[in-house]
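Once you have looked at the hints, place chain B on chain A.
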Amino acid sequence: MTNSAGGFIKAIESGSKHLLLKRFTLRYPEKKLKFVGDGYQFDPKRGVGIAGSRGRHILFHDKCTGCQLCAIACEGIAEAIGMVKVNEQWKHNKKAIMPQIDYGKCVFCGLCVDACPFYALYMTNDYELSSFTKEHLIYTPSQLGIKPKYDGDVELKIGKRGADHG
Amino acid sequence: MENLDEKFNETIKMGLEIVKETEEDRLMTLSVGPQHPGSGHFRFTIKVDGDYIVYCDPDPGYVHRGEEKMCEYRNYIQNIPHLERPVIHDSTNITYSYSLAVEELTNIQVPLRGQYIRALASELNRQVYTLYWLGIYGIFLGHSTMFMWPLGDRELFIDLLEALTGARVTHAFNIPGGVRNDMPEGFKDRCLRQVAYFEKRLVEYEDIFYNNPLFRQRTEGVGILTKEDAIKLGVTGSVLRASGIPFDVRKAEPYDIYNEIDFKVQYMKTGDSFARSMVPFLDMRESCQIIRTLLDKMPQSGEVRAKLQPNPKGPAGESYKRVESGRGALGYYIVSDGTPKPYRVKLSVGSFRNILALPYLLIGSKLADMPSIYWSLNYWPVEADR
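Residue numbers (the numbering used here), protein chains in the order written: chain A, 1 to 166; chain B, 1 to 386.
With the rest of the complex left out, here is chain A:
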């Protein structure tokens, strides 16, 4: 028990020191973290992905051929992708079908992006997908075609007064 007092004093000291240090917590809705790049992408020629955040998808209508490979890849994972008719006419997409993604089911593994051989399906930084109804979580091809805005710019800073998120 001789060391007891010293141990207590040291414990209290190491805790109370933090009164003078910066706060680590990120104040989320006001401030958002900065991500690497524009989102997870895949290069089918090299067979390797490009690092990035795996948020909601972006679909390039001018590249999608309606081959259904993304839907087949998703079959055993989440069954979130379904092919639907679109009112567009493309030479490369005669059937005029494109993926529609149900974000109530999607697990954001990104294996559908790996499956796409035509650079048509990527992922973006947008992760705020909450909605009031289940139906609003189903994103149609036209919704997936819009590039989301993400303006997170906070980075972790490590200085003399501890780490903080700005």
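Be aware that one or more of the hints could be misleading.
Label pairs and their calculated CB-CB ranges [claimed, not checked]:
id: 1; chain 1: A; residue 1: E88; chain 2: B; residue 2: K251; range: 57 to 67 Å
id: 2; chain 1: A; residue 1: R27; chain 2: B; residue 2: L202; range: 24 to 34 Å
id: 3; chain 1: B; residue 1: V203; chain 2: A; residue 2: K149; range: 17 to 27 Å
id: 4; chain 1: A; residue 1: K95; chain 2: B; residue 2: V63; range: 36 to 46 Å
id: 5; chain 1: A; residue 1: H136; chain 2: B; residue 2: I231; range: 55 to 65 Å
id: 6; chain 1: A; residue 1: A96; chain 2: B; residue 2: Q309; range: 43 to 53 Å
id: 7; chain 1: B; residue 1: V63; chain 2: A; residue 2: Q89; range: 29 to 39 Å
id: 8; chain 1: B; residue 1: D296; chain 2: A; residue 2: I12; range: 58 to 68 Å
id: 9; chain 1: A; residue 1: V154; chain 2: B; residue 2: Q300; range: 41 to 51 Å
id: 10; chain 1: A; residue 1: T140; chain 2: B; residue 2: P359; range: 36 to 46 Å
id: 11; chain 1: B; residue 1: L202; chain 2: A; residue 2: K95; range: 56 to 66 Å
Selected chain A positions facing chain B (in silico; Cβ < 7 Å) [as the list claims (entries may be wrong)]:
id: 12; residue: L19
id: 13; residue: G47
id: 14; residue: S53
id: 15; residue: G76
id: 16; residue: C109
id: 17; residue: G159
Read the hints as simulated data drawn from the structure, not as lab findings. Just so you know, even glycine gets a beta-carbon here, dropped at the ideal spot from N, CA and C.
Same frame as chain A, but now just chain B:
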């Protein structure tokens, strides 16, 4: 009046005869769990005689979801996202041994840089898991600062893994043939900076928690697992190492590039709750060193992933591979019948083996020591139930 008194005494006598105290009546049965009064999603029934536990019956299975059966209906790639669900805080390690086993089955060679990045992600994820476990251990011993600090510092590694893999918790990063993407630009500097900061924090953890006399009194000499018992019960990971056996799969059966990495296996000899909680902490410190070595030795450029067919399949056969996860040896036994889907997948997880030691440690100890013994076993119910 006398009459009434007699009547009263008779009633008391009759009552006493009805509730005649037997040996069984002295014991009180308590059900701990399964909905998280300090047990995770796991139930165990204990009987107490006064303050001492005399009986313990662990009852896992509350969160069983048939992961092994689910594997038989999906191909080798589609299995990855659902296989990391049993232990999402350690999702890189649980798919690591799966990838190794599938590579052996299908005869895929992983490029060197891919092996390094895979080991790096595995070490980062080990930190995430251990910090989460440490936070829970702290709060169940009533030390709320030790809940806040590890869960805050866990963000350091979650941010790193997010930059590397794209997801915060369920990474789906390991794939048969390597990893899914290369490291982003500037990742190495960021990683070194944050690991250096984390090492400074570990000193503070020691001051406020591990050297705290209150914590020491609650854990030292509590729930001692001897060396012989540890071998007999077949425990693994930090529980085994705390009992004085320096066994680590990374050292004993090196996989990928671990035979080129120089590190010490951390172990303690006492085998009590304190040792079991100290060993993961020492592992975190060692892991920081390993991360630095990996970043240093890594080839600067090159392929990270072997070319893979969209639907890989190998000849009929079987393979078994194991890695060191946050909770001990984690092995996969896969049988293939030559089709793109596995015929049988069997997981051998550290959690399930460690929980077998629970009754042996609890019986004879005080009820108040229950949280400190239970959480020191490094048990993750969902992984054990699979």
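Going down the list of hints, with the structure as the test:
1. For E88/A paired with K251/B, a C-beta distance near 59 Å keeps the hint of 57 to 67 Å intact.
2. Roughly 26 Å separates the CB atoms of R27/A and L202/B, a value that falls within the hinted 24 to 34 Å.
3. Taken as a hint, the range 17 to 27 Å is violated for the pair V203/B and K149/A, whose Cβ atoms sit roughly 42 Å apart.
4. At roughly 43 Å, the beta carbons of K95/A and V63/B sit within the given window of 36 to 46 Å.
5. With their beta carbons about 57 Å apart, H136/A and I231/B fall inside the hinted range of 55 to 65 Å.
6. At roughly 30 Å, the beta-carbon separation of A96/A and Q309/B lies outside the given 43 to 53 Å, and the hint is violated.
7. V63/B and Q89/A have their C-beta atoms about 50 Å apart, which leaves the hinted 29 to 39 Å range violated.
8. Evaluation of the 58 to 68 Å hint for D296/B and I12/A yields a failure: the beta carbon distance comes to about 38 Å.
9. Remark: the range hint 41 to 51 Å for V154/A to Q300/B is contradicted by a beta-carbon distance near 30 Å.
10. As the Cβ distance of T140/A to P359/B is approximately 56 Å, the hint placing it in 36 to 46 Å is violated.
11. For L202/B and K95/A, the hinted distance range of 56 to 66 Å is satisfied, since their beta carbons lie about 58 Å from each other.
12. Interface hint at L19/A: violated, since its Cβ lies 13 Å from the closest Cβ of chain B, which is beyond the 7 Å cut-off.
13. The interface hint given for G47/A holds, since its Cβ lies 5 Å from the closest Cβ of chain B, which is under the 7 Å cut-off.
14. Given the 7 Å rule on beta carbons, the hint for S53/A holds: about 5 Å separates it from the nearest Cβ of chain B.
15. This hint holds: G76/A has a C-beta 4 Å from the nearest C-beta of chain B, less than the 7 Å allowed.
16. Of the supplied interface hints, the one on C109/A holds, with its beta-carbon coming within about 4 Å of a beta-carbon of chain B, less than 7 Å.
17. Annotation: interface hint on G159/A violated; nearest CB of chain B at approximately 10 Å, more than 7 Å.
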